[in-house]
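Enquirer: Going down the list, the protein sequences come from chains F and Z.
If you're matching positions, the first sequence starts at 1 in the UniProt record's numbering and goes up one per residue.
If you're matching positions, the second sequence starts at 1 in the UniProt record's numbering and goes up one per residue.
Hints in this document: simulated from the structure, not taken from any laboratory.
Note that this is a predicted model, so its numbers are computed, not measured.
All residues carry an ideal CB built from backbone N, CA and C; glycine is no exception.
A portion of the hints provided could be inaccurate.
[What the hints assert, rightly or not] Here's a subset of chain Z near chain F, in silico, CB distances under 10 Å, partners left out:
id, residue
1, 290
2, 358
3, 375
4, 390
5, 391
[What the hints assert, rightly or not] Computed cross-link-like contacts, DMTMM-like style, restricted to lysine to aspartate or glutamate with a CA-CA straight-line distance of at most 25 Å:
id, chain 1, residue 1, chain 2, residue 2
6, F, 214, Z, 313
7, F, 215, Z, 382
8, F, 32, Z, 364
9, F, 45, F, 142
10, F, 45, Z, 361
11, F, 220, Z, 365
12, F, 45, Z, 368
13, F, 212, Z, 363
14, Z, 393, F, 60
15, F, 214, Z, 361
16, Z, 393, F, 140
17, F, 212, Z, 381
18, F, 85, Z, 361
19, F, 212, Z, 382
20, F, 32, Z, 194
21, Z, 134, Z, 155
22, Z, 393, F, 201
23, F, 212, Z, 376
24, F, 214, Z, 389
25, Z, 360, F, 110
26, F, 216, Z, 363
27, F, 220, Z, 368
28, F, 214, Z, 377
29, F, 215, Z, 343
30, F, 48, Z, 313
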Amino acid sequence: MTKSLTAATPEIMSSKLKILVPVKRVIDFAIKPRINKAQTGVETKGVKFSMNPFCDIALEESLRIKEANKGLVEKIHAVSIGPTKAQDILRTALAKGVDTTTLVDVGEEEVEPLQVAKILKKVVEKEDSNIVILGKQAIDDDANQTGQMLAGLLNWPQATNASKVEFSGDDVIITREVDGGADTLKAKLPVVITTDLRLNEPRYASLPNIMKAKKKPLEKLKPADLGIELAKKLETLKVEEPPVREPGVVVASVDELVSKLKEFKAI
Amino acid sequence: MLGAARRSALNIGVRVGARRTLKSVTSGIFSTKITRSNGGDRVRLYSSKVVPLTAETYADKVKWNPEFKKLDDEDIKYFTSVLNNANDIITDEQDLLFYNEDWMRKYKGQSQLVLKPRTTEQVLEIILYCNKNKLAVVPQGGNTGLVGGSVPVFDEIVLSLANMNKIRSFDDVSGILKCDAGLILENADNFLAENGYIFPLDLGAKGSCFVGGVVATNAGGLRLLRYGSLHGSVLGLEAVLPDGTIYNSMHSLRKDNTGYDLKQLLIGSEGTLGVITGVSILCPSRPQAVNVAFLAVSSYEAVQKVFVGARKELLEILSAFEFMDDKSQILTARHLGLEHPIESGQYPFYILIETSGSNKDHDDEKLETFLGNMMEEGLVDDGIIAQDETQLKSLWTWREAISEASTIGGGVYKYDVSIPLADLYSLVEDTSARLKEAGMVDIDDDSKPVVEAIGYGHVGDGNLHLNVSVREYSKAIEEVLEPFVYEWIQNKKGSISAEHGLGFQKKNYIGYSKSDVEIEMIKDIKNHYDPNGIMNPYKYV
Chain F
1 MTKSLTAATP
11 EIMSSKLKIL
21 VPVKRVIDFA
31 IKPRINKAQT
41 GVETKGVKFS
51 MNPFCDIALE
61 ESLRIKEANK
71 GLVEKIHAVS
81 IGPTKAQDIL
91 RTALAKGVDT
101 TTLVDVGEEE
111 VEPLQVAKIL
121 KKVVEKEDSN
131 IVILGKQAID
141 DDANQTGQML
151 AGLLNWPQAT
161 NASKVEFSGD
171 DVIITREVDG
181 GADTLKAKLP
191 VVITTDLRLN
201 EPRYASLPNI
211 MKAKKKPLEK
221 LKPADLGIEL
231 AKKLETLKVE
241 EPPVREPGVV
251 VASVDELVSK
261 LKEFKAI
Chain Z
1 MLGAARRSAL
11 NIGVRVGARR
21 TLKSVTSGIF
31 STKITRSNGG
41 DRVRLYSSKV
51 VPLTAETYAD
61 KVKWNPEFKK
71 LDDEDIKYFT
81 SVLNNANDII
91 TDEQDLLFYN
101 EDWMRKYKGQ
111 SQLVLKPRTT
121 EQVLEIILYC
131 NKNKLAVVPQ
141 GGNTGLVGGS
151 VPVFDEIVLS
161 LANMNKIRSF
171 DDVSGILKCD
181 AGLILENADN
191 FLAENGYIFP
201 LDLGAKGSCF
211 VGGVVATNAG
221 GLRLLRYGSL
231 HGSVLGLEAV
241 LPDGTIYNSM
251 HSLRKDNTGY
261 DLKQLLIGSE
271 GTLGVITGVS
281 ILCPSRPQAV
291 NVAFLAVSSY
301 EAVQKVFVGA
311 RKELLEILSA
321 FEFMDDKSQI
331 LTARHLGLEH
341 PIESGQYPFY
351 ILIETSGSNK
361 DHDDEKLETF
371 LGNMMEEGLV
381 DDGIIAQDET
391 QLKSLWTWRE
401 AISEASTIGG
411 GVYKYDVSIP
421 LADLYSLVED
431 TSARLKEAGM
441 VDIDDDSKPV
451 VEAIGYGHVG
461 DGNLHLNVSV
471 REYSKAIEEV
481 LEPFVYEWIQ
491 NKKGSISAEH
501 GLGFQKKNYI
511 GYSKSDVEIE
521 MIKDIKNHYD
531 PNGIMNPYKY
541 V
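Bound-form chain F, shown alone:
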């Protein structure tokens, strides 16, 4: 099945790719989050943060596009919206090979997907990007909304949950995994692509590149610099653990099993 998507305001693909990769700093995927004492969110003190794995995949994909298609990519720009510490993951992005980065410093505030999409729209305009590759979701809030909202705000076509991205002439061909098969989309630039798990395996940042990345420039902005005022639409009332599953019992005989089942009114 191949569907064609066309932007409301189509551009000609004679232009080179100017890729924007938004990356989010989240509690490391391997760490079990704990709820804080006030039950207002998860504990972040003394917890390891890393780049959201799906963002890492988006980053990897843009690097691969650049490496696989000589001369196609003009630049890769990474942006992170988060606290000042989010510059750590931008350094990682630089070490892995992006050209330039922007940190939109929002302090410790949590930013909702719509706000993120609005900020990203401004960055797209500022950087004159014509393709945005971003993770399908962040593993902290699992919202899976930002890419879709951004495409809506920009009025660009979107291809979500990509498992393969190819370029053919003027077309971007995106394969997405759907129930019972694959869905292939064709789009012209500009386009928003969100990445799924099986798209690629992110690389390591090599030591020489980490050293070089330290010297690369890192732009820092406040939301106000982009004309955005942060306002929350959602309020978190309380965060709590799901109920703990009761442990099972070992029975020694069928009779005991039957009597236990009766006891729990299972039979």
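Once you have looked at the hints, place chain Z on chain F.
Expert: Showing chain Z alone in chain F's frame:
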């Protein structure tokens, strides 16, 4: 054969280094990241082999001791009355295999009985009875030993501590953990992690080995550099001695200069003096920030120089310094079916550095400055710093999976030696040359009996693992390796067993590292506490 199949499944899945690999592989969203497809054929080849009986393989080296009594129905009846739970006694031949074979599939005993007591009192009754009736006993932990010390040689009764697996107490002010000997190391560490502490020892087999087992063998592991030996961190022990004494020093004192420090005798005694049933151990605070760097260097000299630099510049945050040679990484890559993380090419040596501290920014800056200096000095050719926990674990895999990778051809001869640092790697080179001379070795040619001699280990502790990966165990290979390796070590005044212990494999070689006087004193102590010699016989000295 059913039992063998199940057993081999365990070998592949649960044992040793793979434990971590599998954990990082199968947990969560990265489940597709690491596949083992390429290793499949080799794994099958490996598990299809039948392990020969130790008693037959080493018939010229060891004979059954006629002083011991043969197990009979009366004995089993007695043990049944002590344990009074059918699940705690194993006599089924297939089920016994698990306890009779070691994980390297090199040694195989013929025990007819496994006892799995749940209390120290039950252990006491078993040992008393065995001592009275001269029934030989092998205390067994997770059975992850590397020198054949944890499996029977003949028909010794296996006393498994698997059912004694409780945490007894934990003091979150002093960090003192008291637990049963059969607690799995990883479970102990997970419990400590919940409380902000860490077990002062870590090794590849952590998912299978028992706390009592690591103490009984004085295991060293990956963080000895940071937390020191168990001789320092174990505060007390509970043990059952053959005459029915329960030795108990399970107190919580860091300082206690009253009399001989008796627990030290049991640490590293490998089950030859008694059965350790409880452990009291001092645990440090768990580091908040951990970094791992994986480096490529072009000579063993560079390894040493980077080590000197690391000690100086990373000082208090350095928690592991491991080195690996190129051949060990080739085998590991084949075993895991993965590309090596260092992409710029193959290098003669690799180093894994771990830092553990309390402040990530501080540690990052120190590590990056240090690595920058090393690169500028031309000592480090290429490298990687893990950017997240997943990468951190993956990088550790390239060190921890070597042990398992070394067995993919069919088996492995393991030598675990302490040598002065400057000479450490020459042993691998000389052994390699000797095997080549004998025309025995080829990494690809399946007609040669030896795959490769590889070297890796804990530079920080002067501890080298020489692994000779083989396609079959044979007398011919053994004759090329031994006593050559042991004599080589003796010449350099090293130890023939840095951390694996003596067990069955090195029983006859203790003389290469200990003087006659020392051996005599060891024997005196053994005879004093175990006059009938029922505790883990045919091994140690």
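Enquirer: If a hint holds in the structure, say so; if it does not, say that too.
Expert: Status of each hint after checking the structure:
no.: 1; hint: 290; verdict: holds (8 Å)
no.: 2; hint: 358; verdict: holds (9 Å)
no.: 3; hint: 375; verdict: holds (6 Å)
no.: 4; hint: 390; verdict: holds (6 Å)
no.: 5; hint: 391; verdict: holds (6 Å)
no.: 6; hint: F:214 - Z:313; verdict: holds (20 Å)
no.: 7; hint: F:215 - Z:382; verdict: holds (19 Å)
no.: 8; hint: F:32 - Z:364; verdict: holds (22 Å)
no.: 9; hint: F:45 - F:142; verdict: holds (21 Å)
no.: 10; hint: F:45 - Z:361; verdict: holds (14 Å)
no.: 11; hint: F:220 - Z:365; verdict: holds (21 Å)
no.: 12; hint: F:45 - Z:368; verdict: holds (23 Å)
no.: 13; hint: F:212 - Z:363; verdict: holds (19 Å)
no.: 14; hint: Z:393 - F:60; verdict: holds (20 Å)
no.: 15; hint: F:214 - Z:361; verdict: holds (14 Å)
no.: 16; hint: Z:393 - F:140; verdict: holds (21 Å)
no.: 17; hint: F:212 - Z:381; verdict: holds (15 Å)
no.: 18; hint: F:85 - Z:361; verdict: holds (10 Å)
no.: 19; hint: F:212 - Z:382; verdict: holds (13 Å)
no.: 20; hint: F:32 - Z:194; verdict: holds (11 Å)
no.: 21; hint: Z:134 - Z:155; verdict: holds (12 Å)
no.: 22; hint: Z:393 - F:201; verdict: holds (15 Å)
no.: 23; hint: F:212 - Z:376; verdict: holds (13 Å)
no.: 24; hint: F:214 - Z:389; verdict: holds (22 Å)
no.: 25; hint: Z:360 - F:110; verdict: holds (22 Å)
no.: 26; hint: F:216 - Z:363; verdict: holds (21 Å)
no.: 27; hint: F:220 - Z:368; verdict: holds (23 Å)
no.: 28; hint: F:214 - Z:377; verdict: holds (19 Å)
no.: 29; hint: F:215 - Z:343; verdict: holds (23 Å)
no.: 30; hint: F:48 - Z:313; verdict: holds (24 Å)
Every hint from the earlier list agrees with this structure, and none is contradicted.
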